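> Sequence:
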Amino acid sequence: MPLNAESPGASGLNVAVLVSIGRHPLTARTRRADQDARAVEMALSLKGASVNLMHAGQHDSDNEEAIRGYLGMGVEEIRLLEQMPQADVVPVLTDALRASAPQLVLTGTRAETGEGSGILPYLLAEALGWPVINGLAAVEKVEKGVATVLQALPRGKRRRLRVRLPAIATVDTSAPAARQSAFGPARRGELDVQPHASEADPSVSQWQIQPARKRPKRLKIVKSSSARDRFKAAAAKSDGGGGQTLTDVTPEQGAEAIFKLLREEGVLR
704 MPLNAESPGA SGLNVAVLVS IGRHPLTART RRADQDARAV EMALSLKGAS VNLMHAGQHD
764 SDNEEAIRGY LGMGVEEIRL LEQMPQADVV PVLTDALRAS APQLVLTGTR AETGEGSGIL
824 PYLLAEALGW PVINGLAAVE KVEKGVATVL QALPRGKRRR LRVRLPAIAT VDTSAPAARQ
884 SAFGPARRGE LDVQPHASEA DPSVSQWQIQ PARKRPKRLK IVKSSSARDR FKAAAAKSDG
944 GGGQTLTDVT PEQGAEAIFK LLREEGVLR
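Numbering-wise (this note's numbering), the sequence shown opens with residue 704 and increments by one.
Just so you know, these hints were derived from the structure itself, not from any lab.
Derived pair list, reagent style EDC-like, types lysine to aspartate or glutamate, alpha-carbon separation capped at 16 Å:
(1) Lys750 / Glu846
(2) Lys860 / Asp875
(3) Lys750 / Glu843
Owing to the predicted nature of the structure, the values given are computational and were not obtained by experimental measurement.
Generate coordinates for the entire structure from the input sequences, incorporating the hints supplied.
Set out below in structure tokens:
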């Protein structure tokens, strides 16, 4: 269970939460990111902990409106490390975390905008030499520099872990939902904009980004008048039918079969 109002053990803990710009899945409008908001909620639930929010990115009107959604959760200030578009934010975040020296860094599993690869926490952990906990569901207690946490596993299972701090933890939808953002605190909260030198990400400039298209799923036509047969055909798992099992072949024959398949699928030309 997460720490509540009577739970000791987090007094004096310095928690940094890395927040990003989210995007609504239907309207595509900018907003606070859901997983990052859950990370903020988890940090605020730690009694006696000092919570500091940090965002590295471009400062404009749309981004500021989304970032203020985190201030509306009851946070007094957010540090905005200003970066140019398509900048590599790992160096500036690494320097900021080294300077502030938090014991625990929380962030979402992946961003809702930009690359959304989910690799940022691991790059930060590699640069700082800290351990990483993925799928954090709750923080049970923190004492003597060791945090006892619950990690979310598939099918609703949980695993209790003990990790020595400092550490970085990613929070996903298994964590408690974030509280609503209040308009008044969001307006009154302070956005501390700090210009920093930007390092361009050379790989991003070579990408071609376009909106993803949802491809319709091809339905199997069942020629049967019986409802039972139609339901059975719809629920049945389809077989590939085009596979080939190779047994007792030489490495050269196996490689030739794989090369032929890749050519047929259009992977190789």
